[in-house]
Amino acid sequence: MSVQEALPLGGLSAEQSGHFRADHLLVAGMVKAGSKVLDVGCGEGDLLQLLETRGIDGRGIELSREGVNRCVAKGLAVVQGDADTDLVNYPDDAFDYVILSQTLQATRQPKVVLENLLRIGRRAIVSFPNFGFWKMRLQLLIGGHMPRTENLPATWYDTANIHFCTIKDFVELCDAIDVKMERAVALDLYGRPIPLNLPWWVWNMFGEQGVFLLTRGGGK
Amino acid sequence: MVGVKSIPSPAISSDDRSHEVDHPSSQVARFGADQPLRLDCGVDLTPFQIAYQTYGELNADRSNAVLICHALTGDQHVANVHPVTGKPGWWETLVGPGRPLDPGRYFIICSNVIGGCMGSTGPASLNPATGKVWGLDFPVITIPDMVRAQAMLVDRLGIDTLFAVVGGSMGGMQVLQWTAAYPGRVYSALAIACATRHSAQNIAFHELGRQAVMADPDWHNGRYADQGIHPHRGLAVARMAAHITYLSDAALHRKFGRRMQDRELPTFSFDADFQVESYLRYQGSSFVERFDANSYLYLTRAMDYFDIAADHGGVLAKAFAGIQTRFCVVSFTSDWLFPTSESRALVHALNASSARVSFAEIETDRGHDAFLLDVPEFLDISRAFLQSAGKARGLTGKND
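These protein sequence lines map, in sequence, to chains A and B.
If you read the first sequence in this note's numbering, its first letter stands for residue 10, the second for the next number, and so on.
If you read the second sequence in this note's numbering, its first letter stands for residue 28, the second for the next number, and so on.
Derived by calculation from the structure, the hints in this document are not laboratory data.
Check before you lean on any hint, since a few could be wrong.
[What the hints assert, rightly or not] Which bits of chain B does chain A cover? Going by a derived footprint, with three or more residues having C-beta under 8 Å, they are:
no., stretch
1, 377-391
2, 394-406
3, 412-419
[Unchecked claim] Short, incomplete list of chain B residues facing chain A, as computed with Cβ under 10 Å:
no., residue
4, Q76
5, K345
6, F354
7, C355
8, V356
9, P366
10, R371
11, A372
12, V374
Note that the Cβ used here is the ideal one computed from N, Cα and C, for glycine as well.
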C-alpha cells in the first residue's frame with residue numbers, strides 16, 4: 010500500500026499526489042482545513058503549495074535566499090530567517106500548526122526549537138530522518154563509517170545536519186519536555202507507513218523517517 | 028601656495044529649477060481652501076498642489092493602480108526624461124515596458140512629496156499670503172503628512188484601493204505609513220531598504236547635512252530666494268556626505284580604489300587628486316542643479332521624525348493589527364543606512380500582527396542605493412511578488 014492510498018487527501022487526485030513527497034502528503038493530512046500554518050524551513054515551498062491547495066493559510070520561514078525567492082515567485086508568504094534565532098520573535102498561539110519538516114536535525118538547539126514550535130503553534134508537526142533506521146545502523150556497524158543514504162547524501166564533513174536522532178531519542182525528548190504525541194507515523198524506505206500495531210523497536214529499526222503530530226502536555 | 032578648488036557652480040541655472048517649483052512639467056492636482064492638508068504640526072496647509080506623473084491606463088475596475096513613493100532626493104519623474112537634468116527616470120530598472128512595473132499592465136502614479144521642490148507645495152513655493160517664497164515659514168512636514176496628501180491625490184483620481192504601494196528608503200517609509208494609516212486601501216505593499224523609524228545614526232547624518240546647508244553664507248536664514256541666490260556649496264557638501272551613506276566600503280573600493288583622477292602623481296594640494304573625490308564633487312554639484320536647499324532641510328526632518336511604533340503606543344505590531352495587505356519587505360546585505368536588522372524588526376512586527384509577509388535579504392555590495400540599480404535578484408523578487416499579488420487580485424495582463 011502506498012502512502013497516497015493510506016492517506017487520501019481531499020481534493021487531490023492520485024496523479025496530483027504523485028507530485029508531492031510522501032512525508033508532505035502525510036503532514037498535509039494531519040492539518041485541518043481552514044487552519045493557519047507556519048512551515049519552518051519551508052525550502053522551495055512545496056509543502057506550503059500543497060497546503061494552499063487545501064485552503065490552508067500558510068506562511069514560511071526559510072534560511073536560504075534562493076529558497077525564499079522561489080517561494081515568493083510562487084506567491085507564497087515566506088520570510089528569510091533561521092529557526093534557531095527567529096522563532097523567539099513570534100507571539101504565543103500565532104498559528105494552529107507549526108511544521109518542522111526534515112529540519113530538526115539541522116538546528117543548533119533542537120530542544121529549544123521544539124519548545125518554540127509548541128509555544129507559537131497550538132500543535133506542531135515534526136518530521137525527521139531516523140538515525141536508528143537499519144541501513145544507517147548497518148553502515149556504521151559493518152562499514153565503520155558515518156551513514157549516507159539517498160535522502161541524506163552529504164558526507165559528515167559537509168552536512169548541515171548536526172543533530173541526528175533516532176525515533177526513540179525523539180520520543181524521549183518529547184517526554185522530557187512534556188510534549189504529548191497525538192499521532193506518530195514512521196515511514197519505511199518506500200514512504201509507506203509502518204503498521205501501528207507493531208512495537209516501537211520495529212519503528213525505530215525500519216522507519217526511515219518519523220512524522221509526529223504534537224501538542225502541549227498537560228504538565229506533570 | 029597650496030592649490031584649492033572648491034565645488035564648481037552648477038551648470039544648469041537655478042531658473043530651470045525654480046521654474047519647476049511653481050510650474051512643473053507634470054500634471055498638477057490643486058486643492059483649494061475647501062480641502063486643506065491637515066499637518067501633524069497642527070497647521071492646515073491651504074491652498075496646496077501636488078505634481079504627479081502617471082504611466083499606463085487605469086482599468087475599468089480601477090483595480091490596477093500602483094503608487095510609487097519616491098526617496099529623499101527623488102521626484103515624480105520615475106520613468107521619463109527629467110525636465111531639469113535631461114537624465115532618464117530614476118527607477119527605470121523597475122518601471123517600464125517589460126519591467127516588473129509595466130505600464131502596459133498597471134496604472135502607475137508617482138507624485139512629488141509635499142515639501143518637495145518639483146511642483147508639489149514646499150518651502151520653495153510661493154506663499155500666497157506674502158507673495159514671496161515660503162522659505163522657513165513653511166510648516167514642518169512629516170511622513171504621515173506626505174501620505175495624507177498622496178491619499179487626497181488618489182481620491183482625486185477616483186481610486187479607492189491601490190493595487191500596490193511601492194517605494195525604497197524614504198519611499199519605503201511612506202509605503203509603511205500607507206499601510207498603517209489606510210490598511211484597507213492598500214492591496215499589496217513593497218517596502219524596500221527602509222525602516223519603521225529613523226535611527227540615531229541616520230538622524231545624525233541628516234543633522235550634518237542640514238548644518239552644512241545652514242553654514243553656507245548664501246543660505247541667509249532660508250531667505251536666499253529673495254536675493255536670487257542658492258546655497259549651492261552647503262547643499263553640495265550635504266549631498267556628498269549623504270551620498271557616502273548610500274554606498275558601501277566595498278562598492279567605493281571596487282569603483283575607485285585609490286586611483287588618481289587624470290594624473291599619475293599627487294599634486295600636493297587639496298585638489299581632487301583621487302577619483303573618489305572627483306566623483307563626490309560631481310555628485311554634489313549635479314544635485315544642487317535640481318534640488319532646493321530648504322526642501323532638503325524639510326524632507327530630512329520628516330524622515331527624522333518618522334517612528335510608526337511611537338504613533339501606536341510604542342508597539343509596532345499594533346500599527347498593523349488585523350491588516351489584510353500582502354507585504355514584501357526587501358533589504359540589502361551591504362546597506363548600512365537601513366540595515367537588514369531594521370527590516371527584520373518590521374517583519375517580526377508584521378508576523379506578530381498575522382500579516383501576510385514575504386521578506387528577502389538580497390546579497391549585494393552596492394549599499395543602500397542597490398534598490399535603484401540593476402540588481403537582478405531584487406528585480407526578480409519584485410516581479411514575482413507583484414505578479415502573484417496580481418493573480419490573487421484578479422489582474423490579467425499581456426504578461427500572463
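Evaluated hints:
| no. | hint | verdict |
| --- | --- | --- |
| 1 | 377-391 | holds (count 11) |
| 2 | 394-406 | violated (count 1) |
| 3 | 412-419 | holds (count 6) |
| 4 | Q76 | 38 Å, violated |
| 5 | K345 | 12 Å, violated |
| 6 | F354 | 8 Å, holds |
| 7 | C355 | 7 Å, holds |
| 8 | V356 | 8 Å, holds |
| 9 | P366 | 14 Å, violated |
| 10 | R371 | 8 Å, holds |
| 11 | A372 | 9 Å, holds |
| 12 | V374 | 5 Å, holds |
The structure does not agree with the numbered hints 2, 4, 5 and 9 stated previously, though it agrees with the rest.
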